[in-house]
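Starting from the known structure of chain A, fit chains B, C and D onto it as the hints suggest.
Protein chains: 4
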Amino acid sequence: MVAVTVWNEFRHEREDDDVAAVYPDGIHEAIAGALDADHDVRTATLDEPEHGLTEGVLESTDVLLWWGHEAHDAVADAVVDRVHDRVLEGMGLIVLHSGHYAKLFKRLMGTSCSLQYREDGGTERLWVVDPGHPIADGLDEYIELPETEMYGEPFDVPEPDRLVFTSWFEGGEVFRSGCCYRRGNGRIFYFRPGHETYPIYENEAIRRVLRNAVAWASPTDGSPRTFGARE
Amino acid sequence: MVAVTVWNEFRHEREDDDVAAVYPDGIHEAIAGALDADHDVRTATLDEPEHGLTEGVLESTDVLLWWGHEAHDAVADAVVDRVHDRVLEGMGLIVLHSGHYAKLFKRLMGTSCSLQYREDGGTERLWVVDPGHPIADGLDEYIELPETEMYGEPFDVPEPDRLVFTSWFEGGEVFRSGCCYRRGNGRIFYFRPGHETYPIYENEAIRRVLRNAVAWASPTDGSPRTFGARE
Amino acid sequence: MVAVTVWNEFRHEREDDDVAAVYPDGIHEAIAGALDADHDVRTATLDEPEHGLTEGVLESTDVLLWWGHEAHDAVADAVVDRVHDRVLEGMGLIVLHSGHYAKLFKRLMGTSCSLQYREDGGTERLWVVDPGHPIADGLDEYIELPETEMYGEPFDVPEPDRLVFTSWFEGGEVFRSGCCYRRGNGRIFYFRPGHETYPIYENEAIRRVLRNAVAWASPTDGSPRTFGARE
Amino acid sequence: MVAVTVWNEFRHEREDDDVAAVYPDGIHEAIAGALDADHDVRTATLDEPEHGLTEGVLESTDVLLWWGHEAHDAVADAVVDRVHDRVLEGMGLIVLHSGHYAKLFKRLMGTSCSLQYREDGGTERLWVVDPGHPIADGLDEYIELPETEMYGEPFDVPEPDRLVFTSWFEGGEVFRSGCCYRRGNGRIFYFRPGHETYPIYENEAIRRVLRNAVAWASPTDGSPRTFGARE
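Residue numbers (our numbering), protein chains in the order written: chain A, -3 to 227; chain B, -3 to 227; chain C, -3 to 227; chain D, -3 to 227.
Treat the hints as calculated values from the structure; they're not laboratory data.
Predicted model, so just to flag it, every value in this text is computed and none were measured.
C-beta atoms are modelled at their ideal positions from N, C-alpha and C, and glycine is treated no differently.
Hints may contain errors.
Just a few of them, taken from the derived set where beta-carbon distance is under 8 Å, the chain C residues facing chain A [what the hints assert, rightly or not]:
no., residue
1, 99
2, 219
3, 225
With a cut-off of at most 27 Å between alpha-carbon atoms, the simulated DSS-like pairs for lysine-lysine come out as follows [claimed, not checked]:
no., chain 1, residue 1, chain 2, residue 2
4, C, 102, B, 102
5, A, 102, D, 99
6, B, 102, C, 99
7, D, 102, A, 102
8, D, 99, A, 99
9, B, 99, C, 102
10, C, 99, B, 99
11, D, 102, A, 99
Far from chain C by the CB rule (all over 10 Å, computed), these chain B residues [unchecked claim]:
no., residue
12, 7
13, 18
14, 33
15, 67
16, 106
17, 178
18, 180
Extracted from the complex, chain A is given alone in its bound form:
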C-alpha cells in the first residue's frame, strides 16, 4: 500500500466560481479520486498549519503530488527545505502543470523552469515517446485533450533522465510534457496536463498516468547513503 499525499494550493477553487464549478471539492480531491484502492491517500493544502506538510506527514508519505499556481511565494521556505530533504531521502514527487514554478521544483531542478504559454483552449495531444516506460502502461499512442492551456518550448529544465510524453498543440507548439528525474534517492516526475478551468483530472487516461507515476515514483530500499568523514 503506497502512502500518497496530494498537495494543493486550494485558492483558485475558493476564490473563483468558474474554477469551483470544475473542481467543487478542490483539485486535490479530484486527484485523490484518481488514485484507486491500492493507495493510502491524504490531502494537504496551503492554508493549513505548516501547509499540511508536517514532519510526521512527510515521514509517512511515499509519494507527494504537488499542484500550485498563484501562491508559490506563500509557501514557507522552511517547508520547502523539509520537503526537499525528504525527496533526497527517497520520497517520490509528482509535480503537476503550473507547479513548474513552485519553489520546490525550481530548487530541485536548479534552473528557472520557465516556459511559454497561451491560454487558448486549443487541443493537445500527448504523444508517448517512450512506449517502454512504466508510466505509459495501458495507454494508447497518445492522449488527446480537447481544451487546454498551451505550454511551449523552450522549457528551462535540465535534460530529463527520460522523456515519456511530448505534447503537440493545435496552435503550433510542442512541449516536453512528461519528464523523469532522480535527485538523491527521490524519483521526480513532471507532468504538464492540468489547469484550474479545464476538467483535465477527470480524464481517464490522465488518471491512469497519475496512478502509473505514483507506482514509478515509490521509494525502493537502495543501499546506505552515508556521508562525511571516513576512517
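Positioned in the frame of chain A, the structure of chains B, C and D alone reads:
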C-alpha cells in the same frame, strides 16, 4: 579546415524526373553547397567503387554526412564495418532523414530505428528545445518547412544524449528531429528534415543547421584509447 | 512469477578441470541457484540445438542472463537476431563479465565494448555510486571480492543511462561495473563480476545483485509500439 | 579570447602558514597561472566588495572558476542569485574540489552534494573514462597525484550528462571526479582535485584539464530563450 564527405545513395535523382527537377545534381551536391568556404568538401555515392568510401577517403574525413533511402541493402557490409570503425575512432557522422534505416545507423544505435510516416506535404515546425546547444547557433525559435513528409513517434532509438529539435506536424504528430549521440570517440547527429521531392536542403535555416552540426561533430584529440591486456 | 532463462556458453567447465572444480554443474547452474523461489528459472547452453534459445523459449522468457567467453563467434547470427528482437520487444537482458564481447551485447551497444584486463587475482571493491537504485537494494556501501580478474577503463560502451557500480581494483584501476541501458522496450544491465576460475557467483551479495537486476529488468506493459505508414 | 574569472575564498592562505607555503599568492593566482595566453584572466575573492563578482564582472565573464571551502556561508545570497542567473544565461562554470558544498553549486545541482572524505595524503589516480571528451585532450590514460585528500562515493549529485574522470584512491575508494552538466545555457564542470595543503594546481596535467575545461565551458550563441506569454 574541416574535411567533410557527403555521401548520397544518388538513385532517386537518376531514376525519377520529379526528384531530378528538385535536385538536378543530386542531393549530395545540394548538401555540399550548404557547407561554406570553411570546409574541405568531397562527395561519394553508392554506385562508385566501394561506394566512394575507401579507407583513404575515410582516413581523411573528419565528418561524414549520410543520405540514403531506397537502397540501404545495397550498401556492402564491409563498407559499413569500415565506416563504423571510423566513427568509433572519432569521425563525426550526420545521418539525414530516411538514413534512419541505413545499416550504419541501425548498427550504431542497436535498435530498429523504426518510426511512423505519412507523405502528405504538410507543414513542419522544428522547435529548438535546447537553445544552448551549438547546433542551434543563429537559429530562430523554430524552423518552419511549408511542405514535408511527416515522421512521427514512436522513434525506436536510444534516448538521445541531447535532444536539440522536436518537430510539430500540421497533421497532429511530433518527432524528435535532432538527436545527439556519442559512440566511441565519434559524435553522431540524426537530423530529420530532407526528402527527395521537397527542396529541404535549399532552406537557409536547414543549411545553417548542417554547418553547425559539422562543427559540433568534428573530432577532438581526446586521450588514448588502449584496450586489451594490461601489465 | 518472473520467467528467467540463464544462458551459458558451458565450454570452460567441460574442458578445464580447474573450472569444473569451481563450477561442477556449470556457471548457469550456479546463477540459477542464486534466483530464489520467486522465479521460474530455465537454463540454456551453446551446444544445445539453437543454443537452447528457440522462439518458444524466448517468447516465454521475461529476463535472460548471458554468460559467454571463449566461443562468442560460435553463436549463430540467426539466434542473435532473434534474441535482439526480443530485447527490443521488452525482454530484460543481464550480461555478465566476459559477455561484454558477446555478439548480442556489441550489437545492442553499437560500440566495440573493448576494455582492459589483467588476470591477477587481486581484490575488487564494487562501490555503489547510485544508492537509490533498486539494483542496490539491501547491499552495503560496497561489495568486496577478495580475488578477481581486473577489468579497467576505458570501457567502450555508450554512456550508461544509469551507473550503479564502479569498481576499485587493488592494482590501481577503476571500472564502470554496473551499467543500465534501455534499447527499445528492453532493459539491459551489464554486470562485471564473474569469472570461470573464481567462485564469484557463490558470493551472497553478488547473488543479491542478480536477483535485484532480474526484478529491475522485468518487462512492463508500456503502450503500443506501432511503426510504419500512418493514415 | 575567452574571458575567465577565477574566484577564490582566499582565507586559508591568509590564516594558515602551511597553506601560505603552498600557495603564497593564493589558490586563485595558481589557477590563473595555469591559463595561458589564450585567456583574458581576472581574479576575484570573497573579501572584496560584492565578493568581486559585480554585475559588470559577470557580464564580461565567459567562464568562472570557483574555489571555496571554509566560508561557503559567507557568500551573500544576492551574489549567488546573480551568478546563478549568469550561468543559466550561458556563462561557463568550473567548480573545484571543496566547492562541491558551495551554495552556488548546491543550488545548480538541487541535491545535497555530500560525499565522503579522508585527509590521509594517499595517492589518487584520475582515470579518463571518456577518452573522446575534449576535456581529456592531450592527457594520458590517467593522471596520478602522489598526495591528496580522498573523496569517496556516494557523491550526492544528479547523474552527470557525461562523466570524464573517475578517481581511484590508494585507501580503497572511488569517486566521480570529472562531471559535466548543462543548466540553462550554461555548461558546468565539477573537477575534484585540489586542496589547500597539496600543490595540486601546480601539476601540469591538472593545469591542462583546467584549460580544456575552460574551452569546453565557453558559451556558444545558441538560439533565443524567450519565455512567457506567446501570442
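> Which numbered hints turn out to be false for this structure?
Replying inline: Hint check: 1, 3, 16, 17, 18 fail, others pass.
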